[in-house]
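Q: Chains as they are written, first to last, in the numbering used here: chain A, 19 to 342; chain B, 11 to 311; chain C, 173 to 675; chain D, -11 to 315; chain E, 6 to 351.
A few of these clues could be false.
Distance condition first, Cα-Cα at most 30 angstroms in a straight line; then the derived DSS-like pairs of lysine-lysine [claimed, not checked]:
#1 C/Lys355 / D/Lys209
#2 C/Lys351 / D/Lys174
#3 E/Lys38 / A/Lys285
#4 B/Lys201 / E/Lys38
#5 C/Lys614 / C/Lys276
#6 D/Lys209 / C/Lys654
#7 E/Lys26 / B/Lys201
#8 A/Lys71 / D/Lys209
#9 A/Lys165 / E/Lys26
#10 A/Lys165 / E/Lys320
#11 A/Lys285 / E/Lys26
#12 E/Lys260 / A/Lys283
#13 A/Lys193 / D/Lys174
#14 B/Lys201 / E/Lys219
#15 B/Lys201 / E/Lys320
In short, the hints are calculated from the structure, not lab data. Bear in mind the structure is a predicted one, so any value in this text is a computation, not a measurement.
The primary structure of each chain is shown beneath.
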Amino acid sequence: MSVPLLQINNLSIEFNTRRGNLVAVEDISFEVAEGEIFGIVGESGAGKSLTGKAIIGLLEAPGRISGGKILLNNERIDNLPYEQMRRLRGKSIGMVFQDPLTSLNPLYTIGRQLIETIQTHTNHTATQAKNRALELLREVGIPAAEKRIDQFPHQFSGGMRQRVVIALALCVNPKLIIADEPTTALDVSIQAQILTLLKNLCRKHGTAVILITHDMGVIAETANRVAVMYAGKIAEIGPVREVVQNPQHPYAQGLMASIPVIGRKMKYLAQIDGSMPRIAERPSGCAFHPRCPHAIELCNKQIPELLNKGKTKAACLLFRNGNP
Amino acid sequence: MLKRFFDSDLVYSFTRSPVTILAGLVTVLYFLASIFAGFVAPHNPFDMASLDIMDSFIPPVWEVDGDPRFLLGTDDLGRGILSTIIHGSRISLFIGFSSVIFSLVLGVGLGLVSGFLGGKLDAFIMRVAEIQLSFPAILIALLINGVLRGILPVGQQSNLAYYVLILSIGVSGWVQYARTVRGSTMVERNKEYVQSARVIGIHPLLIMWRHILPNVMGPILVIATIHLAVAVISEATLSFLGVGVPPTEPSLGTLIRIGNDFLFSGEWWITIFPGLALAILVLAVNLLGDWLRDVLNPKLR
Amino acid sequence: AKTFRWAFQGDAQSLDPHSLNETFTLGLLGNVYEGLVRRDADLKIIPALAAEWQVVEPTRWRFKLRQGVTFHNGNKFNADDVLFSYGRAKMEGSDLTKCMATVKEVLKVDEYTVDFVTTTANPILTAEWSSCYIMDKEWSESNGAGSPTSVTEGKENHATRHANGTGPFVVVSRETDVKTVLKPNKHWWDTAQHNLTEVIFTPIGSDATRVAALLSGEIDMMYPVPVQDIQRVNSNEGTSAMLGPELRTIFLGMDQARDELLYSNVKGKNPFKDVRVREAFMLGINIEAIKKKVMRNLSAPAALMISPSLFTHSGQFSRPAYNPDRAKELLADAGYPEGFEVGMDCPNNRYVNDEKICQAVVAMLAKVGVKVNLLAQPKAQYFAKVLRPKWDTSFYLLGWTPGSFDSWNVLYNILGGPSEDGRGKFNLTGYSNARVDELTDKILVTTDAAKRDEMIREAYQITVDEHAYLPLHQQGLAWSKKDSVSLKQRADNQFMIYHVNLN
Amino acid sequence: MAAFIIRRLFQSLIVMFFVAFVAFTMFRYVGDPVNQMVGIDTSLVQREALRERLGLNDPFIMQFGRFVLKALSGDFGISYQHKRPVTEMLLERFPATLELSLVSAIFSLLVGIPMGVYTGLHRYGWLSRFFMMFSLIGISLPTFLIGILLIFLFAVQLQWLPSFGRGTVIEIGGWRTGFLTISGLKALIMPAITLGLFQLTLIMRLVRAEMLEVLLTDYIKFARARGLSNKAIHFGHALKNTMVPVITITGLQIGSILAFAIITETVFQWPGMGLMFLQSIQNVDIPIMAAYLMMIAFFFVLINLVVDLLYYVVDPRLRVDAVKAHG
Amino acid sequence: MSSETPLLKVDAVQRFFDVSKPWLNRVLANEPKLLLKAVDDISFSIRKGETFSLVGESGCGKSTVARLIVGLYPTSSGSIEFEGTDFSTLSKRNQMAPLRRRMTMIFQDPYTSLNPRWRVRDIIAEPIRAFGLTNTGGISGSRLQIFNRVAELLEQVGLSAADGDKYPHEFSGGQCQRISIARALASEPDFIVCDEPTSALDVSVQAQILNLMKNLQRELELTYLFISHDLAVVYHVSDNIGVMYLGRLCEIADKETLFTNPRHPYTRMLFNAIPDINMSGKERIPVSGEVPNPIEPPSGCTFHPRCPIANERCKRERPELQIVDSHSQVACHAIEEKRNMEVHFI
Ligand SMILES: Nc1ncnc2c1ncn2[C@@H]1O[C@H](COP(=O)(O)OP(=O)(O)OP(=O)(O)O)[C@@H](O)[C@H]1O
Ligand SMILES: Nc1ncnc2c1ncn2[C@@H]1O[C@H](COP(=O)(O)OP(=O)(O)OP(=O)(O)O)[C@@H](O)[C@H]1O
Ligand SMILES: [Mg+2]
Ligand SMILES: [Mg+2]
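My request is simple: use the sequences and hints to build the entire structure.
A: See below:
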């Protein structure tokens, strides 16, 4: 097998606060292959966004990578000097944020923002850059691109803006795009449009995507592989179909069962009691054990590792010996 | 409750910043000295009968002609500088504090009503605020001061000087409070807890008072702290320009003005000590305000 | 070129010689305009535009005008200008009606002779005339300045910012409150004693700034020097202060007219009507302490309401010594063992350290039990409040210089019982003594100096015994200059630039 | 756009009208104007006649109407003290104040903005801390004290700079400028610094606060994610966004510079409008006070208009009513 | 549908917002006044004990309907009757109070729907005090009663009585939403309007809240108006469903009918937009176009620009809700004309 595009090895992210070192993301590892859509799901605060930010090198103080490696094309990028990392951003790794309303500078035309990005990473002339910008706008499905290129962000609707944001992220054909909840702020009917667009574009350009979301449905439909995060760790990771239809980790099982599904009739939804612990209050051992219906004594002592279970890997002590 | 307070971020960041602790201490010291001026000050500079003009212009103790009775020397009337500074700070703080309270009550009230009710009243209040904003506070204070002095019976003026000052400085400062409160009220008004109070039919005034007010007070505290410094300076400036408190009961500004006449003649202590006292007080309050602003601004944390 | 730069704490309010009776304005104008007479450095009246004069009959004075004098614009000076100027001084809007005080009419005898007819015999007719300046009739009328400024017309009087006199200096340019530039009048009839080619006058209001300007060498001369800075000016290399006695007497007035004091806690009666209270106030004020600490020795404690230099017998009067205990006794005798409360009015930018004097007085009176509530205000508000018609004061500080340098002026204006005809116009205490008024009338018409002085002495004696007023001191003059400048200091605080020499 | 300008003009009119009302009320009720005009010699009868002639006995509305009409034609009457038309006097003083204000405004902007940007970008650097401390001191020291200290140091002790006045001025078409002579320029230094220092610290702090806020926005994060250089992000994206409120506040500040000139002009004996205003307050010269007030209001309205238009130019979203209140 | 009087009857209700530019701008630009028809002629009724859901995209007017019902907004026209009483006929505060008490509202954002400066106990007790629900006994007695009542409510929603002492920020989103529910229950209502009560929550917590709400409904015989844009949630909780588009109801049906046989093209499109969690693998056709600007809604049927089967009539004529069968009402010309639409939705 060839070298994966992105390798995350034992990544940990910490916050140095006055209440001590808070470990927000702990010892996670995964790989993303070229052209693959890799999903990360999990509840709010599980550490999804931090992982994304860490990859593109935009963690903000007091957050920092406290351990592990990130390799892009087999080269470490987590310890690059600022300037080198900057050149990588946009060029090799693009990013799409959640809120298209605030991602664009309101004072500049979208054309300017596109051209600026293109020229930062290539040595296109102004006209070349502009042509490329127009091309991109057409590609993301913005009608009358010639006219719209000179307009300001506030003249675009939410869906259109997210298209522009995607265009900006795809400007110079990066190998990897990190999309952090790209559709949460959008209307239900627009969400599907944007997801489809993202999916098709990446397929066309062979771009890999890390799709961060908390919507299992989106993952199910878009991603190839998925990691389910819980309290800063990966609970289960594997091909989408497996994780969705045959989850192994008790948390993943509970999660899947608690999603209402049209056509599935039931009086009550399955529920996991309690809620995900806050970062400062994470229990010892397996972070899930206080809510886990299958918890055993050992769970509050030992931190489980990711183990192969069926076609996925799950981090649960129940699988120590290969059986739940 | 107390424990929670000491555990809060506020206290934490306070204890972590030596400059802020110092500023806090200095401020508290000023306030205490002002409140207990009668006990703290070695002399009562307002008691005319106790003054002896022959004691005037005594330099600070460490100078050759110093007099141990007067630690920081005396001024042109034979008042001990230390005592006048303590009593002067009291007056400066009193006027500053009262004007801040005045502005605050006026501004917060108008801002709440303006932001909560909106409509024509809001437009009107904001227009007035804008007009007032057209004029720098010191000019407004000068004008109000002038007008009040013109209207009040002359004999009452020195008695009313405090109130005139409080009014003029107070009136010139409400706009900031009103605009800030209006802004946050308009945000809070649409928050769901306000809606849910409205759903059960709580009276709008009660909603403003019990629900919104506590939630918009954060920035107000910051403004008030910084405004206190501004008010103290405004008072000093007015007094320096000769329209402040009468020199018989001098504030720090009046003291500086009085002392200013003696700066070139070698009696530097008459102006330098009150000047220092004023600068230190204002600096300390400003430092506190700055710190508060940073701590209370969730965006910058 | 010898450019002389000097500063004063304010500016002349107008260049119109009839618009304001104010020492500095008239003093500055005295360098540009001239009157029929002028005063020399010792304040003696000497001829100016009138070459000589005589009293033809007791009520008729004849003035021979100086010939060959021209105004700055080249116009000839003659009798018409005199008639015009004195007429102008009498018009509405003029503040110098004093020039015409006892004058009934002015008659032109010939081109260079003028007669003044007075209502009564007035031996001191010319005494106040040194500041009654002569304007050019033709120039004034053709420039629409035929009458003194009238605010109601809403127009500026040409003479406000332009001057056309006969004096030793010509106004080159003027920016009100900023700068006035003068140059010597080459055609002056008198021989110039100065060596200047240009004079730049700048008003500098702030005491500290004014001192700084002198110390830093930006100006050659300035006045007044704040008393506390005298030492500094002297110790500074190349600058020194010129001190001298001034003629103005600073005094306190106590309301003896009203039946109940204003701003007092004593109701239904007026403590000041009791001579013991007035004496107690006199004894309760430590004038020497004021001299030493407030005036830095730049004052002469006064026993009389006139400067000793203006009255020959002043040596016979002496000021009672400071005696707070006696003062308390007197107050107790008068029925105020606990003292009482009274409001005091004080200017704060009129006289040297005026407000500080008042504060010192307040502190001293507090020691004998009288609580004084001080109201110190800028002169404009102060005068508006205390002077008639408002006359809203019961205890105040005022200063007075007899413009004629003669006691009659004091006796008539300050000590005379207030009446419709103008007597006691500045007597805000309401003090009135028939004998004093009678003497005053006689003094005006008496020409025998010895008899006159004796009558003055008697009048003063009465007022001193009755403690009609509480004289404080004559404030000192304090000018300062670079050592390279020589000039003459006049006791009336008028600065005559034609005495300046630059080395 | 047109509506915006018209509304602004209309508001300006209201402001001016309101100020005129205040000015007039002062005119009428602070001190008795007649007392100010006549000498002590004038009798009560004469005073009453004058009162009648001046229309002081007319109903309030009539007097106010007259005042406004006259003010419209630039006539604010004759100074009680100087007996000259007030408008003329103010206009004479105007160049001095304007030159001083302009220089200090430029000084405070040229120094304040870079300092603010620097402290915003390097929040924890020692130079930033120094700047912040400096700005706090700048805010804490009253203007008059700064002026006095400067004079003491540079004029009296070192004798480098003149302690007062404008130096030599040259008149060009009725405008007296101090810009063209060495002494004029030297005289400008200390007053301009004194006057500008406070504004400088305000602007610096404002720019810093805005900068910090802008740096936290999503579009800056997104710009970083696009790999733009720091220069492009800080000066292209962040700074321009801070300019929007900074322009507004600066406008307000220029207004207050004009008024703060009162203090500076007093200390340095600068022959501007502020000095005249203060003198007029001391002399209760109401016509000057009223005219000064109107003049300041006028300038403020003018500046605000310009600022609003600038705002309009800078911000395509036209958030005219989103002017934030700043400290 | 049954003939008994419904608990709530909304009849031809409209709510317009004036979103015109300021007067001067309008005059200069010669523009008319702009009315945003947030709710335009909506009628439905809710029977006691049932859950009625409103679904639709953002901005279609769901929350406005909710607010109209609880009286946060006055209606522009139309009537809202609660147990046969028309709200608009009541004007005085004290007349409203008894009715107000019986209906209450739960909001979307668990964090902002609780006053951060108040203790949980006071938040829950506010309606009790406002309606004077424990007005028996003396002052101290009532205080104790309130205390007990709050404890009871807290336990009812799965929290502990001791939580009353804490402040909202000490709770997680799900717990906050429980507090909101406790507060809503405090006034002992019959009818609760729930405006997207779970859309800010994570799925596992959403399940808890939905279960809790169902429980309470059964125990206390509550009636819900449930607002959501998540069709799966709606499917799970509702009895009857109304689909809204641009301020109008385009389809009302009972759950089974709607989900097995959606009729209105918009409803069908919405279904198509749901991510397919069952991974049936079929490629979906996302809804084309964007939600039009509600200020200038399209003519005729407001959905026609996005509708694959629209014709001239749809552009011209506005369809009214029509009863299709006993289970559903639809506002669509195509349904009426029985146009063939299957080809467009595979
Ligand atoms: N500046 C910070 N200081 C302390 N803790 C932080 C900070 N930023 C994030 N965290 C913590 O890190 C954890 C992970 O945050 P992250 O933003 O990655 O969550 P997420 O999974 O993206 O959640 P969401 O779905 O809400 O976006 C959270 O528990 C959060 O509390
Ligand atoms: N107070 C108001 N003033 C003006 N317009 C309003 C107001 N409230 C709501 N609107 C408008 O009415 C329309 C409907 O709003 P509403 O909040 O009811 O939508 P919604 O369906 O609840 O949307 P969401 O799913 O985003 O909550 C929107 O276009 C909104 O902009
Ligand atoms: Mg996130
Ligand atoms: Mg809503």
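Q: All hints, please: hold or fail.
A: Against the structure, the hints come out as follows:
Between C/Lys355 and D/Lys209 the alpha-carbon distance is near 71 angstroms, which puts this suggested pair outside the 30 angstroms criterion. A hinted pair counts as satisfied when its Cα atoms are at most 30 angstroms apart, and C/Lys351 with D/Lys174 qualifies at roughly 18 angstroms. As the CA atoms of E/Lys38 and A/Lys285 are separated by approximately 49 angstroms, the hinted pair breaks the 30 angstroms bound. At most 30 angstroms may separate the alpha-carbon atoms for a hinted pair to count; B/Lys201 and E/Lys38 meet this at roughly 28 angstroms.
The hinted pair formed by C/Lys614 and C/Lys276 meets the criterion: a straight-line CA distance of about 20 angstroms does not exceed 30 angstroms. Taken as a hint, the D/Lys209 and C/Lys654 pair is broken in the structure, with Cα atoms around 68 angstroms apart against an allowance of 30 angstroms. In summary, the hint linking E/Lys26 to B/Lys201 is supported, as the alpha carbons are separated by about 25 angstroms, within the 30 angstroms threshold. Annotation: proposed proximity of A/Lys71 to D/Lys209 holds, straight-line Cα distance about 10 angstroms (limit 30 angstroms).
Restraint check: the Cα-Cα separation between A/Lys165 and E/Lys26 comes to about 26 angstroms, which is no more than 30 angstroms; the hinted pair holds. Distance hint between A/Lys165 and E/Lys320 is fulfilled; the C-alpha atoms sit about 28 angstroms from each other, no more than 30 angstroms. Between A/Lys285 and E/Lys26 the CA atoms are separated by roughly 50 angstroms; this puts the pair beyond 30 angstroms, and the hint is violated. This hinted pair checks out: E/Lys260 and A/Lys283 have alpha carbons roughly 11 angstroms apart, not beyond 30 angstroms.
The straight-line distance between the Cα atoms of A/Lys193 and D/Lys174 is roughly 62 angstroms, outside the 30 angstroms bound, and the hint therefore fails. Proposed proximity of B/Lys201 and E/Lys219 is supported: the alpha carbons are some 26 angstroms apart, at most 30 angstroms. Note on B/Lys201 and E/Lys320: the hinted pairing is violated, with a Cα-Cα distance of about 39 angstroms set against a maximum of 30 angstroms.
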